[in-house]
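*Asks:* Below are the chains, spelled out letter by letter.
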Amino acid sequence: MAQPMKIRATMQGESADVKVLISHPMETGQRRNERGELVPAHFITQVTATLNGKAVMSAQWSQAISRNPFLGFKVKGARPGDKVAVSWVDNKGDKSSIETAVAAS
Amino acid sequence: MKVKRRQFLQVAVGASALAALGPHAARQAGAAEWNKVGFQAKAVEQALESLGAAGAVPSKDVIVKAPDIAENGAVVPIEVTSKIPNTRSIAIIADKNPFPLVAIFEFANGAEAYASTRMKMSATSNVRVLARADDKFYTASREVKITIGGCG
Numbered sequence: 016m017a018q019p020m021k022i023r024a025t026m027q028g029e030s031a032d033v034k035v036l037i038s039h040p041m042e043t044g045q046r047r048n049e050r051g052e053l054v055p056a057h058f059i060t061q062v063t064a065t066l067n068g069k070a071v072m073s074a075q076w077s078q079a080i081s082r083n084p085f086l087g088f089k090v091k092g093a094r095p096g097d098k099v100a101v102s103w104v105d106n107k108g109d110k111s112s113i114e115t116a117v118a119a120s
Numbered sequence: 169m170k171v172k173r174r175q176f177l178q179v180a181v182g183a184s185a186l187a188a189l190g191p192h193a194a195r196q197a198g199a200a201e202w203n204k205v206g207f208q209a210k211a212v213e214q215a216l217e218s219l220g221a222a223g224a225v226p227s228k229d230v231i232v233k234a235p236d237i238a239e240n241g242a243v244v245p246i247e248v249t250s251k252i253p254n255t256r257s258i259a260i261i262a263d264k265n266p267f268p269l270v271a272i273f274e275f276a277n278g279a280e281a282y283a284s285t286r287m288k289m290s291a292t293s294n295v296r297v298l299a300r301a302d303d304k305f306y307t308a309s310r311e312v313k314i315t316i317g318g319c320g
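The listed protein sequences correspond, in order, to chains A and B. According to our numbering, the first sequence is numbered sequentially starting from 16. According to our numbering, the second sequence is numbered sequentially starting from 169.
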């Protein structure tokens, strides 16, 4: 069940500034629904980012990352046109990924 | 027929080469295994221990950008930066969250020791950031006041 993602990568000085938005409920497992039942935890556990296929950033997340997560990171030495890809997987095994080219500033 | 068989062979060889590459490529992409012990820890000390960061040294080169007061604990913006050379990873801990360890970011191949995200905080609390460089930990923290907790 792939969820929509958005990505933007723009040169900022010598680095590519990458911003990612992910649609995901990020349920903590502590919230109760209208009937008072605990909503099971459902959250992204790992996010990985590559530049031209090379790993640059990987993150491990807990349920404390906000719903519809935002992630920003920077990669030095990137050039306009380079390919940035970001993918995630959650605690239920759902996953998604997105790719973009770095834009000149 | 012969041509077809040759094509088939080429594809088959290509596929097996890829398969051989597969696990290695996955390992290179290097996502360290999810730190279950740390993320399920309910005490800050346990979380720190899971990171190996119990003896972290306070440093001005670890920079935590977060609001002094966040009205909504469900969405607290946070930006972390380490100016310490060779910073390999940065972890965020919100002391009073039910599970204090919020996130770990690992950097390689030119990624700056920087991450920006939004997190949930259940109550006003100290937020500490731990940067790992050359197998030593450096830390900085700041208090974020929460008007409405973001546990739900």
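Careful: at least some of the hints might be erroneous.
Cut-off 25 Å, straight-line C-alpha distance, at most; resulting in silico cross-link-like pairs (SDA-like, lysine to any residue) [unchecked claim]: (1) Lys-210(B) - Ser-81(A); (2) Lys-107(A) - Ala-200(B); (3) Lys-110(A) - Val-54(A); (4) Lys-110(A) - Lys-304(B); (5) Lys-233(B) - Ile-22(A); (6) Lys-204(B) - Gln-61(A); (7) Lys-98(A) - Lys-210(B); (8) Lys-69(A) - Ser-111(A); (9) Lys-91(A) - Asp-229(B); (10) Lys-210(B) - Gly-28(A); (11) Lys-110(A) - His-57(A); (12) Lys-210(B) - Arg-47(A); (13) Lys-91(A) - Lys-210(B); (14) Lys-34(A) - Asn-277(B); (15) Lys-110(A) - Ser-284(B); (16) Lys-251(B) - Glu-29(A); (17) Lys-91(A) - Ile-316(B); (18) Lys-251(B) - Thr-63(A); (19) Lys-21(A) - Gly-278(B); (20) Lys-233(B) - Asn-83(A); (21) Lys-210(B) - Arg-82(A); (22) Lys-264(B) - Arg-82(A); (23) Lys-69(A) - Val-225(B); (24) Lys-304(B) - Asp-236(B); (25) Lys-264(B) - Ile-231(B); (26) Lys-204(B) - Arg-286(B); (27) Lys-264(B) - Glu-29(A); (28) Lys-34(A) - Lys-304(B).
Here are some chain B residues the structure puts well away from chain A; computed CB gaps all over 10 Å [claimed, not checked]: (29) Glu-213; (30) Ser-227; (31) Phe-267; (32) Ala-308.
These are calculated hints, taken from the structure and not from any lab test. Virtual Cβ for every residue (Gly too), placed ideally from N, Cα, C.
*Asks:* Work down the list of hints and note, for each, if the structure agrees.
*Replies:* Now for the hints, and whether the structure bears them out:
1. Proposed proximity of Lys-210(B) and Ser-81(A) is supported: the alpha carbons are some 19 Å apart, at most 25 Å.
2. The suggested pairing of Lys-107(A) with Ala-200(B) holds, with an alpha-carbon distance near 18 Å, which does not exceed 25 Å.
3. Distance restraint check for Lys-110(A) and Val-54(A): the Cα-Cα separation of roughly 20 Å lies within the 25 Å cut-off, and the hinted pair is therefore satisfied.
4. About 33 Å separates the Cα atoms of Lys-110(A) and Lys-304(B), which puts this hinted pair outside 25 Å; it is violated.
5. The straight-line distance between the Cα atoms of Lys-233(B) and Ile-22(A) is roughly 22 Å, inside the 25 Å bound, and the hint therefore holds.
6. Taking the CA atoms of Lys-204(B) and Gln-61(A), the gap is about 12 Å. The hint holds against a cut of 25 Å.
7. Only pairs whose Cα atoms come within 25 Å are accepted, and Lys-98(A) paired with Lys-210(B) is rejected, the gap being roughly 39 Å.
8. Using a Cα cut-off of 25 Å, the hinted pair Lys-69(A) and Ser-111(A) holds, with the two alpha carbons roughly 18 Å apart.
9. Distance check on the hinted pair: Lys-91(A) and Asp-229(B) sit about 19 Å apart at the alpha-carbon level, within 25 Å; holds.
10. Between Lys-210(B) and Gly-28(A) the CA atoms are separated by roughly 41 Å; this puts the pair beyond 25 Å, and the hint is violated.
11. Proposed proximity of Lys-110(A) and His-57(A) is supported: the alpha carbons are some 12 Å apart, at most 25 Å.
12. Among the hinted pairs, Lys-210(B) with Arg-47(A) is consistent with the structure: their alpha-carbon atoms are about 20 Å apart, no more than 25 Å.
13. For the hint pairing Lys-91(A) with Lys-210(B), the CA-to-CA distance comes to about 36 Å; that exceeds 25 Å, so the pair is violated.
14. With a CA separation close to 18 Å, the supplied pair Lys-34(A) and Asn-277(B) stays within the 25 Å bound.
15. With a C-alpha separation of about 21 Å, the suggested pairing of Lys-110(A) with Ser-284(B) holds against the 25 Å cut-off.
16. This hinted pair checks out: Lys-251(B) and Glu-29(A) have alpha carbons roughly 16 Å apart, not beyond 25 Å.
17. The hinted pair formed by Lys-91(A) and Ile-316(B) fails the criterion: a straight-line CA distance of about 38 Å is larger than 25 Å.
18. Among the hinted pairs, Lys-251(B) with Thr-63(A) is consistent with the structure: their alpha-carbon atoms are about 22 Å apart, no more than 25 Å.
19. About 23 Å separates the Cα atoms of Lys-21(A) and Gly-278(B), which keeps this hinted pair within 25 Å; it holds.
20. Annotation: proposed proximity of Lys-233(B) to Asn-83(A) holds, straight-line Cα distance about 20 Å (limit 25 Å).
21. Taking the CA atoms of Lys-210(B) and Arg-82(A), the gap is about 21 Å. The hint holds against a cut of 25 Å.
22. Restraint check for Lys-264(B) and Arg-82(A): the C-alpha separation of about 19 Å stays at or below 25 Å, so the hint holds.
23. With a C-alpha separation of about 32 Å, the suggested pairing of Lys-69(A) with Val-225(B) is violated against the 25 Å cut-off.
24. Using a Cα cut-off of 25 Å, the hinted pair Lys-304(B) and Asp-236(B) is violated, with the two alpha carbons roughly 28 Å apart.
25. At most 25 Å may separate the alpha-carbon atoms for a hinted pair to count; Lys-264(B) and Ile-231(B) meet this at roughly 20 Å.
26. Annotation: proposed proximity of Lys-204(B) to Arg-286(B) holds, straight-line Cα distance about 21 Å (limit 25 Å).
27. Of the pairs offered as hints, the one joining Lys-264(B) and Glu-29(A) is violated, with about 38 Å between alpha carbons and a cut-off of 25 Å exceeded.
28. A threshold of 25 Å between alpha carbons decides the hint, and for Lys-34(A) with Lys-304(B) the separation of about 29 Å lies outside it, so the pair is violated.
29. At roughly 17 Å from the closest C-beta of chain A, the C-beta of Glu-213(B) stays outside 10 Å, upholding its exclusion from the interface.
30. At roughly 20 Å, the least C-beta separation between Ser-227(B) and chain A is larger than 10 Å, which holds for a residue marked as non-interface.
31. Distance to chain A contradicts Phe-267(B) as a non-interface residue, since its nearest Cβ pair spans about 6 Å, not more than 10 Å.
32. The non-interface label for Ala-308(B) is consistent with chain A: the shortest C-beta to C-beta separation is roughly 19 Å, beyond 10 Å.
Checked against the numbered hints given earlier, the structure breaks hints 4, 7, 10, 13, 17, 23, 24, 27, 28, 31 and satisfies all the rest.
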